[in-house]
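Enquirer: Residue numbers (the working numbering), protein chains in the order written: chain A, 1 to 163; chain B, 1 to 433.
If you are wondering where the hints come from, they were derived from the structure by calculation, not from laboratory data.
Values in this document were obtained by computation on a predicted structure and should not be read as measured data.
Watch out, some of these pointers could steer you wrong.
No farther apart than 25 Å at their CA atoms in a straight line, the calculated lysine-lysine pairs in the BS3-like style are these [claimed, not checked]:
no.	chain 1	residue 1	chain 2	residue 2
1	A	Lys44	A	Lys71
2	B	Lys37	A	Lys70
3	A	Lys44	B	Lys242
4	A	Lys122	B	Lys50
5	B	Lys410	A	Lys44
6	A	Lys119	B	Lys48
7	B	Lys242	A	Lys106
8	A	Lys42	B	Lys147
9	A	Lys122	B	Lys48
10	A	Lys119	B	Lys179
11	B	Lys399	A	Lys141
12	B	Lys242	A	Lys31
13	B	Lys37	A	Lys122
14	A	Lys42	B	Lys33
15	B	Lys362	A	Lys64
16	A	Lys44	B	Lys37
17	B	Lys33	A	Lys141
18	B	Lys37	B	Lys362
19	B	Lys362	A	Lys106
20	B	Lys48	B	Lys366
21	A	Lys30	B	Lys147
22	A	Lys106	B	Lys410
23	B	Lys399	A	Lys42
24	A	Lys36	B	Lys48
25	B	Lys33	A	Lys64
26	B	Lys399	A	Lys44
27	B	Lys179	A	Lys106
28	A	Lys71	A	Lys122
29	A	Lys106	B	Lys294
30	B	Lys33	A	Lys39
31	B	Lys37	A	Lys71
32	B	Lys37	A	Lys39
33	B	Lys33	A	Lys106
34	A	Lys42	B	Lys410
35	B	Lys179	A	Lys39
36	B	Lys366	A	Lys42
Away from chain A, derived, C-beta distances all over 12 Å, residues of chain B [as the list claims (entries may be wrong)]:
no.	residue
37	Ser123
38	Asp203
39	Lys237
40	Leu283
Ideal Cβ positions, reconstructed from N, Cα and C, are used throughout, including at glycine.
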Amino acid sequence: MVVGWFSFTCCEDSTILLTEMLNDHLVEWKKVVDFKYLKALKAKNSMDGGFDVAFIEGAVSSPKQEAEVKKIRESSKYVVAIGACANTGMPSSSRNEFIDEELNDKIRWYLSNFDYSAKVRKLEDVIKIDDRVPGCPMNPKLFLEVLNKYLVIFNIINKTNDQ
Amino acid sequence: MHDGNITIDSITKIEGTAGLDVTIQNGQVTDLKFIIKDYRRFYTEAVKGKPIIAVPSFLSRICGTCSLAHLFASLEAIEKSQGIELSQQSRLLRRLTYNGLIIRDHALHLYFFTMPDILGLESIFDIPDDPAAAGHRLLHDSFEIKKLGTTLSTLISGAAIHAPLPTIGGFLKIPDVEKLKDLLPVLEKTREAAIRGIQVFGDWPESLIRNSDYLALRNDRDFNFLDGYVLNSDGKKVPEEKFHDFLKSVVIPYSQAEGYEFSDSHEDYLVGALARVNLNKELLNKRTASDAKKYLDFFPSNNVYHNNLAQAIEILQCLDDSIEIINSLAITAEKPRQTLPRAGSGVGVIEAPRGILYHYVKVNDKGMVEDYDVIVPTAQNQINIENDLKKYFSANLDKDEETLRLNSEKIIRAYDPCMSCATNFLKINFIRR
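All chains, full assembly: derive it from the sequences and hints.
Expert: Given below as structure tokens:
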């Protein structure tokens, strides 16, 4: 199963948790999952040929990120929203609550000098998602369930086969 | 290579997104930018007007990997603003759970991010599942080291990432001391893996020498990540509450974070494991000093790749320190020390895995945050990283582009930079360059 793992605006806690899950799962996952895109761990990451499943953590902060997320959606059979920021926007979307008149010059400078969107959005506000693994960081048991669900869908393991 | 540009859009095997732009004209590096690309979340602004009790766990979300560092720096700043002194037991428990963070976080960087560079592989996924294969033993060592770090943090703080139990004045729940004692044989066994790691990172011949200043916390009693004053290589001491005054803010227009210069000494400075071991190596645990002796002779070192070796030594330090603490640990039931809110301000400076981390809070008499400031290690190291890269490129322009790309990524990776951290603070003094 060809998998991509992508991070947008967030603290990347679910990526860190994934690296912790590798302590127990690396050897078995290598047999059934091709992590074709995982920048935290790989030097060469490619979107060519697309993905069976894309896991996306983080909220969407800018037009550039919006375009990237849409490209991932087009390249993937299934998209899973990972962690609190992708699923709810928060806490990365805290700035949506700021009141315009009270913003100081410094925040204005950043917002105007880089390509920030007016609002930070959760993933579902930008693209269609097929599954969720909520939690801050993601709930590791739910992640395993979702991963196994797709391994079954792609006929890589049997339903009864306990990963 | 010939004149032209080298652009690395996204440096891999680091936390977060950063890029590099280098311009070469007439055989000289005319421009070099290390660009932090993560988008800001403005968390220090978002905590304004919030009650202090909610702030540390919110700010722990600045970073997925050194969450516990932000949590503890924030707790320290708030406790100082409220005049709260921790019990000796709470201090020990924070120290012990923090050792777990350093162990796990350093091991992630060393084995998952850097080890493939040593083995000449693209990633840990390329290490064959064959006990005879190069790197197989180290990879499995890293699983054990990281797991132990996570367990140590989790037993005391409730989780290794975004820990729920540490609170203002102590802990919401007291850990089971028997479970900690059960860890002693695991800690002893993991020492052997840690010593193997020290050998591997110590024998790696990579080198980039530059004469930077080094800044680290020091307390003259022990090798301590949580407590002390800031010391630089010239012996200058700065109490933590004055640290901010010694930095002047420099905005780097192309980067979504700010770089810092230590105002009165060298042109740039470095924070992190290399700085800590350079300045504090005689304070290391005796067992660590004995088992790492051959490699400790490298310090003080001006080789930025020795940041990796220093991290490997710190893993052993945190194991040995934890063994000592657990061996003499007796825990009594106690509640967090909390008081009625009062107006005040406080500074928390600690050594995050990547170096000095500064939190400042100003609280009003209702216990609400009026102002907050955070200075993170990667932002402090940003200028140093650029100067290292300038030196590397200037000396190696005869090499082909692929080599230059590969080695510049390795230099950046040696700092173990964290971009999610680097974009989440707002500085008060704002100088546009």
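Enquirer: Going back to the hint list, which numbers does this structure go against?
Expert: 3, 10, 11, 12, 15, 17, 18, 22, 24, 27, 29, 35, 36, 37
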